[in-house]
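Starting from the structure of chain A, add chain B where the hints point.
In order, the protein sequence lines correspond to chains A and B.
Note that numbering that gives the first Met the number 0 gives residue 186 to position 187 of the first sequence, counting from 1, and the numbers run on in steps of one.
Note that numbering that gives the first Met the number 0 gives residue 210 to position 211 of the second sequence, counting from 1, and the numbers run on in steps of one.
Just so you know, the hints here were simulated from the structure itself, not pulled from any lab data.
Keep in mind that this is a model prediction, so the values were computed, not measured.
The beta carbon of each residue, even a glycine, is placed where N, CA and C say it ideally should be.
Treat the hints with care, as some may be off.
To be verified - Straight-line alpha carbon distances no greater than 25 angstroms define the calculated SDA-like cross-link-like pairs of lysine to any residue that follow:
#1 A:K370 <-> B:G115
#2 A:K11 <-> B:R16
#3 A:K363 <-> B:N118
#4 B:K289 <-> B:W331
#5 A:K370 <-> A:Q445
#6 A:K39 <-> B:P15
#7 A:K39 <-> B:N118
Claimed, not checked - Covered stretches of chain A, as calculated for chain B (at least 3 residues, CB under 8 angstroms):
#8 20–27
#9 131–143
#10 178–186
#11 189–195
#12 411–424
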Amino acid sequence: MSTTEERIAAQKRYRAAKAGTDTVDERLGSSKFLTSVLDKIFPDHWSFMVGEIAMDSLIVLIVTGIYLALFYVPSSKEVVYAPTSGHVYIPLVGQKMSEAYESVINLSFNVRFGLIMRQAHHWAALIFLAAVFFHMARIFFTGAFRKPREINWIIGLLLWQIVALEGFTGYSLPDDLLSGTGLRVIYSIIESIPFVGTWLVYALWGGRFPGTSLIPRLFVVHEFLFPLLIIGLLTAHLMILWHQKHTDFPGPGKTETNIRGSRIWPQYALKAGGLMMLVSSVIFLLAGFVQINPVWIYGPYQPYTVSAGAQPDWYLGWQDGAVRLWPHWEFRSFGHEIANPFFPGLLLPGILLSIMFAWPWIDKKIYKDYKAHNLLDRPRDKPFRTGVGAAAVTLFSLLTMASGTDIIANNLHVSYEAIVVALDYLVIIGPVVAFIIAYKACQRLQEADFHPIQRPVGGVIYRTPDGGYHTVGDVHHGPSHDAPADTSASHGAGDNGDGGAGSGSERSVSAPAAGD
Amino acid sequence: MTGTLDDNRTPFGRNPRHFGIDPDEPWPDDVPMDQDDTRWRYQGDPKGAKKAERRIAAAWTVTLLASMGLAAVYVDGANTQLAGLCWGLAFGGLGVGLILWARDLMPGHDVIASRGHHNVSSEADRVAVAESLGRGLDPMARRPFLFKMLGAVGGVFGLAIAFPIASLGPRPHRNLYKTAWGKGVRAVTLEGKPIRPSELPVNGILTVFPETDPSDALSPTLLINLGDADYETPPERVGWNIPIDGKTGIVAISKICTHAGCPASLYNVVTHQLVCPCHYSTFDVLQLCKPIFGPAARGLPQLPIAVDAQGFIVAQADYSRAGGAPVGPGFWNRG
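Next comes chain A alone, as it looks inside the complex:
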């Protein structure tokens, strides 16, 4: 196979590497830890990449964000746009605007690569949130939040909330007409909180809307407070993931106590690095070719004007949609009032989020399953949970759609009112229908598909060299291991690694679970 020279060279490399790790070990005693790091195994499944995409977008966000911060001026001081040098955006000349808005215009037109950095930052934020949503859906539908991973579910939900707020504060910093309108709405939503609302907005805004305190404060929040929280929580998220090891779908040779996949070194490290490059590639292609948030078209913020088509970034669309669809209720009595925006703006999201935070424990009650799991459920094996997830996704999509009611009405040439009324009904009916369809679909899928291990005993029996017998899917015992992958590959049992082994399936899983 290998020549003597190659073997000698390999031996030399090994000795050099060992000398290096020894040098470190003598200081840190790190060899055991480093071995576990380099040998660590991550299961291979495309859906496990989504969380990585979120993390990669975050890295792009941090790098581009630092760059933008070097040019941005967090000031509400009023200036008149009258640049004396460089590129001038003629339609804005002579207009009153804040220094913040002016700095964003200058960054966009007079800083080489400034615009692409701004657009990359915004696209990265949109992709980040999309990845967060998909990641969250994957965790939910496969039951990855079950014991022992409840803590990471909670941290993940907190991250989602902070990341969405981080996105909103960033969207507001340019102080353009669109984002200023968004801030006005948020002001009204906070102001509507019973008891403390008015005090809270006066504290946040430093007085009446709009004031001059908010932009510098938002800058501190967006650049310092939220990033600190995000990086802190993400570190905890990843350390827990690392410690607990990744979940995996059931499949041949996989059990609750083993893990199958690619080693970090060199397989996974190179692939993860490559994925980060690909995510950056997509973000920068979008940043170069697809315009995002052209604040010079919106104009500077003025409290007396507004443009039609006022939508937040997509990840807050569901909340804006809820505010649009909510009936015109307001409660007034005893000299007090609970204003309309409170219900859709805070109460509804609060209730939905509370259910999400509590879901791991609700799920335990529903399935009477208090055990720890490392193998995932296939969504079809838990029809009720999948139905709830489908209902949530439907509600989320319909509310997001409701945020664009005016745009839909315009494009479809129907009356705005008709769209709103239709969506009013749909947000109630849609999730119920989605639940039923998903529930039934899961049951049909369960009936239609069966895995070799669920076939009656007598299908395929193997005799092992030491004289034992087993059927396909049995846990392998004894010293002889014909690599479980072989048995599955030669008999077609390996179709995408589904074991059907979810314990506690609701219907018709009669075969014993493979890995218990």
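Just chain B now, with coordinates in the frame of chain A:
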């Protein structure tokens, strides 16, 4: 397996350390022994490996060229589209090359290892940690008074150190109900020009501001010349408009939506409806601006106006002083 390099090394596939197995424990059933960790895709296929190497080199060549392109684009005025293309290709080539390198030429695929006992400790360890905790808890429980006092002190001190938060903004109080309008305050345009009733044609609409503080965000007001439209005037609002030729004439309405505070700035001349483009609350101007569609629950307040000695439009009073509702969205103590 390649041959052992050092005589004292355990064969890789039998070294429990590489499979998450405690060396002192027996090899678990669900982790195959003698796994070959050196396998890679084009092993034993020199031609395929050569091709794979070329593919990776090609991908990285794209990065190389795109990077040079990026420098050229920067020097040549930094065109955003070209920059995007160069960044995209440079990152893309690098990423594709790395992934192909791992896929085609690197070992470490499809390995099975033990998960170990990382998620749960032994019972002895659990007992130990509970004991450690108890070392502090027991003495605390023995002094319930001190324990409770610490809680109370903590609460009071917690409130005290929260006081800096109070400096963040002023107390709201009456300020919430006020705009910059008042008796005799002139209505001026965006340019600061006062208006005469004759300047507003029938069905004309104009955003005006109080001359005393045009930038106040709650004050923007719409002047609408309703002409002879049938405006519903309850007794308490008689005299709030400026009649023209004995007809309804000009009314002044708050532009700030009572739902979420956006400017209700879309006016339908035919139906005399005002629409707020944020959440599409719709108000019927002829029926005291009451909400007829959308989430708003209250009508837009009306500002009583008159003409001063010089013939310019002025306010008779502030919105709330005139007996109307305060301007803008609702809050707890609005009542």
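Open item on the list: Would the hint linking A:K370 and A:Q445 be met if the CA-CA limit is 25 angstroms?
Closed with: holds (23 angstroms)
Task: Coverage of the segment 178–186 of chain A by chain B (three or more Cβ within 8 angstroms) - done: With 4 residues closer than 8 angstroms to chain B, the segment 178–186 of chain A meets the three-residue bar; holds.
TODO: For the pair we were handed, B:K289 and B:W331, check the Cα-Cα distance against 25 angstroms.
DONE: The hint holds at about 21 angstroms.
Open item on the list: Run the distance test for A:K39 versus B:N118: straight-line Cα separation, threshold 25 angstroms.
Closed with: It holds: about 16 angstroms lies between the C-alpha atoms, which stays within 25 angstroms.
TODO: Would you check chain B against the segment 131–143 of chain A, counting CB to CB pairs closer than 8 angstroms, and say if three or more residues qualify?
DONE: violated (count 0)
Open item on the list: Check whether the Cα positions of A:K363 and B:N118 lie no farther apart than 25 angstroms.
Closed with: Distance ~19 angstroms between A:K363 and B:N118 Cα, so the pair holds.
Open item on the list: Taking 8 angstroms as the Cβ threshold, is the statement that the segment 411–424 of chain A is covered by chain B upheld or broken by the three-residue rule?
Closed with: Contact hint for the segment 411–424 of chain A vs chain B: holds, 3 residues under 8 angstroms.
TODO: Assess, step by step, whether the Cα of A:K370 is no farther than 25 angstroms from the Cα of B:G115, and give holds or violated.
DONE: holds (17 angstroms)
- [ ] With a cut-off of 25 angstroms on the C-alpha distance, tell me whether A:K39 and B:P15 pass.
- [x] holds (13 angstroms)
Task: Coverage assertion for the segment 189–195 of chain A with respect to chain B, Cβ distance below 8 angstroms, three residues required - done: holds (count 6)
Open item on the list: Against the 25 angstroms threshold, does the CA-CA distance of A:K11 and B:R16 hold or violate the hint?
Closed with: holds (23 angstroms)
Task: Coverage claim, chain B over the segment 20–27 of chain A, checked by counting residues with Cβ within 8 angstroms (three needed) - done: violated (count 0)
Going down the numbered hints, you'll see the structure goes against 8 and 9, while the others check out.
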